[in-house]
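2 protein chains.
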Amino acid sequence: MEAKSGVPDIIVRRLPQYLRALTQLQAQHVHSTSSQELGEKLGISPAQIRKDLSQFGEFGKQGTGYSVNYLVDKLQEILNVKRVWDIALVGAGNLGHAIARYQGFTNRGFQIRLVFDQDPEKTGERIGDLIIQDSRKIKELIPAHNIHIAMITVPASAAQKVAEELVAAGVRAILNYSPNPLSVPDWVHVEHIDPIIQLQHMTYYLE
Amino acid sequence: MEAKSGVPDIIVRRLPQYLRALTQLQAQHVHSTSSQELGEKLGISPAQIRKDLSQFGEFGKQGTGYSVNYLVDKLQEILNVKRVWDIALVGAGNLGHAIARYQGFTNRGFQIRLVFDQDPEKTGERIGDLIIQDSRKIKELIPAHNIHIAMITVPASAAQKVAEELVAAGVRAILNYSPNPLSVPDWVHVEHIDPIIQLQHMTYYLE
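Going down the list, the sequences are from chains A and B.
Numbering that gives the first Met the number 0 numbers the first residue of the first sequence as 0 and each following residue consecutively.
Numbering that gives the first Met the number 0 numbers the first residue of the second sequence as 0 and each following residue consecutively.
Bound-form chain A, shown alone (with noise of 0.2 Å):
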């Protein structure tokens, strides 16, 4: 992943953890926080904080602690997410299902948009306001809905040439839900999840 402006892709990767926090902030209507409370939600170093933050210009003063409206409206800023991206989901399955549905998007920068899924069987089938379209219209309505990031919840052995459509679609950034890797071109960004690696972290601390 290149360095955008500079900054390096690992603090890059705690953006959205700090902008997640700070939003359940604002929900519970605090105005105010620091380095300090914001470092023992996430489990990061206070200092860690302020240096992440420190990369993207002054938001905070000594002894004060940060406005959390002020750095919610920054931090979606940075991560692009003060607009509304639009999302196709190719796989149609219990976990398809799940995530068109999960409730955990709104307000954060995301909808999805387009539900896809290669059996004739469910093609026309709703799900909420969503209608199961098929597979093979992914090189003709992802364009057509300008479209740039997907979410993969196929079966693992179909994922890849998932991704390839994908790509030739106009696809450049994928959110894989399969275990596997996807061979992808060097300027498509591609995230796995994988809950193996938060079980994985959980257990260093378990005897």
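If you're looking for bench data, these hints aren't it; they were derived computationally from the structure.
Treat each hint with caution, since some may be false.
Pairs count within a copy or across copies, as identical chains cannot be separated in the list.
Calculated cross-link-like contacts (lysine to any residue; reagent style SDA-like; alpha-carbon spacing at most 20 Å) [what the hints assert, rightly or not]:
(1) K40 x I9
(2) K50 x I10
(3) K40 x H191
(4) K40 x V189
(5) K136 x E124
None of the values given here were measured: they were computed from a predicted structure.
With chain A's structure known, arrange chain B on it following the hints.
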């Protein structure tokens, strides 16, 4: 999160990523790797990788790289996943079904052993080899199976109550798929699966 044997949690968090990348190399019959190669796979600087691994001893020699098999073995040991941890899954909806069938668990230290749902209609149904149990049996079955790790895949509104039942039953690590934060005692580890974190990391790089 407390530091065990003085290693900062921020480093511990990266170890499962290293293990995942190394296991993929192992599957490709690669015997030796470098911090450069791992760094490219993971978007982490080679210097950071060397520094992280050096916290746990000497794993490679300057210039000759790391033995993949040896490093996999050591990381499994450090992360406590040379054994298999039984997991309880609460919530047998679409997401619970998808996770119970996830193909990424094999040989990574975990197996789902119990599945619960509060819906009496679902109790007794099968997901693969598992039989869905009534959630009221959490406090009986979890200690009986000596289970300490759970995944929560219930709707957001029910997650806190389920977390409390799990903790009362002896669970010390929870992987939470619901979008809300959980309030648990200090000695219980909680991690979230939240796709927005990864999506926001990618939109940072998109125009």
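Here's how the hints hold up against the structure:
Taking the shortest alpha-carbon separations for K40 and I9, both the intra-copy value of 19 Å and the inter-copy value of 13 Å come in at or below 20 Å. For the homomeric pair K50 and I10, the shortest alpha-carbon distances inside one copy (9 Å) and between copies (17 Å) are both at most 20 Å. For a Cα distance limit of 20 Å, the shortest separation of K40 from H191 across copies, 12 Å, qualifies, whereas the shortest one inside one copy, 23 Å, does not. Taking the shortest Cα distances, K40 and V189 sit within 20 Å of each other only across copies (11 Å), while inside one copy they are farther apart (27 Å).
With identical chains, the CA atoms of K136 and E124 are at most 20 Å apart within one copy only, with a shortest distance of 15 Å there and 36 Å across copies.
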